[in-house]
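Going line by line, the protein sequences match chains A and B.
Just remember that the working numbering sits 792 ahead of the position in the first sequence, which is counted from 1.
Just remember that the working numbering sits 1 ahead of the position in the second sequence, which is counted from 1.
For the record, the hints were derived by calculation from the structure and aren't laboratory data.
Some clues are possibly wrong.
Unchecked claim - What follows is a set of in silico ranges between Cβ atoms, one per label pair, in the way DEER data are often shown: (1) E825/A <-> G195/B: 35 to 45 Å; (2) A141/B <-> L804/A: 27 to 37 Å; (3) L188/B <-> A823/A: 23 to 33 Å.
Said to hold, decoys possible - One-sided and incomplete, this derived list gives chain B residues near chain A with beta-carbon spacing under 10 Å: (4) T19; (5) L21; (6) G48; (7) M53; (8) T107; (9) W120; (10) V121; (11) L211; (12) E226; (13) R235.
Beta carbons are placed, not taken as given, at the ideal position from N, Cα and C, and that holds for glycine.
This is what each chain is made of:
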Amino acid sequence: MTQTDYVLAAYLVMAIGIGGGLLWAYLSMRAAER
Amino acid sequence: MHRYANPKRFLAIARPATGLTLLAGALLVGIGLSWGLIFAPADYLQGESVRMLYVHVPMAWLALGGYLGLGIAGITALVWKHPLAEVALAALAPVGALYAALCLITGSIWGRPTWGTWWVWDGRLTSMLVLFFLYIGVIALIRAHDDVRTGARMAAVLAIVGLINLPIIKFSVEWWNTLHQPASITLSGSSIDGAMLWPLLTSALGFLFLMAAMVLMRMRALIAERLRIARSVRLATA
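Same shape as in the complex, but just chain A (with noise of 0.2 Å):
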């Protein structure tokens, strides 16, 4: 694995994990609201 590969790594990590925490708190709010 080249420097790249653990760097773009890092950001898919960093983008999934803000994501889903974004969609699931968005979510749960709608469904607790509605």
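Start from chain A and add chain B according to the hints.
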């Protein structure tokens, strides 16, 4: 401050603030990360892998800052017994746990090309893992009791006790031998060049706004759930 601790007043501010923080966070993270990935220079020693700085360091700062917020919410919930502080505690815990987990995973990915290992049981990495477990413990305690208020008060005690871990994490790189580097940014200045510092600060501010957006959305969800429970109890006893 007490004026805004009323759930109705809080919701009047939280509703427009959710969209604004989300928008500001997405914009700043977009700018900060493209700046760090494309325009910032590679490091003379670490090469391209230094670009992990722009995701790993904000996650670490905000996981620590989030726990400080958890401790303050815990103290407010126990001393002033304010329901909104309990809601803030319950909303912040999973978001802080997410940031701590992302800090650990991105740090591990950075460690492999830089140190030659994914993990070492040294002071900094272990104390950061303990912080993640503290977050998980707070979440578990919140859910450990049928009565949400009792669960939140038990969790508040752990949140306050866990504050002792924050200075341990901060000073772990000075107290013990470690592969992890000491702090580059302190209150008295930074040893990082502006070409790397500004994209770092931009993405950190963006991730802070995204954290705020997640906490606001979770607080709104928890307040709505509590209102529904209170309404059904009122109907059942009428």
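Hint check results:
About 44 Å separates the C-beta atoms of E825/A and G195/B, a value consistent with the hinted range of 35 to 45 Å. The hint said 27 to 37 Å for the Cβ distance between A141/B and L804/A, and at roughly 29 Å that hint holds. Checking the proposed 23 to 33 Å range against L188/B and A823/A shows it is violated: the Cβ atoms sit about 43 Å from each other. For the restraint placing T19/B at the interface with chain A, the shortest Cβ-Cβ distance is roughly 8 Å, inside the 10 Å limit, so the hint holds.
Proximity of L21/B to chain A is violated relative to the hint, the smallest CB-CB distance being about 15 Å (cut-off 10 Å). Contact between G48/B and chain A, as hinted, is supported at the beta carbon level, the nearest pair being about 5 Å apart and thus within 10 Å. At its closest, the beta carbon of M53/B sits 5 Å from a beta carbon of chain A; the interface hint therefore holds under the 10 Å criterion. Because the closest C-beta pair between T107/B and chain A is about 4 Å apart, less than 10 Å, the hint holds.
A hinted interface residue such as W120/B counts as satisfied when its beta carbon comes closer than 10 Å to some beta carbon of chain A; here the least separation is about 15 Å, so the hint is violated. Hint status for V121/B relative to chain A: violated, with the closest Cβ pair at about 17 Å, above 10 Å. For L211/B, the interface hint holds, the least distance from its beta-carbon to any beta-carbon of chain A being 6 Å, beneath 10 Å. Interface restraint check for E226/B: the shortest CB-CB distance to chain A comes to about 5 Å, inside 10 Å, so the restraint holds.
Taken as an interface hint, R235/B does not check out: its beta carbon lies about 18 Å from the nearest beta carbon of chain A, beyond 10 Å.
Comparing the model with each earlier hint shows violations of hints 3, 5, 9, 10, 13; every other hint is respected.
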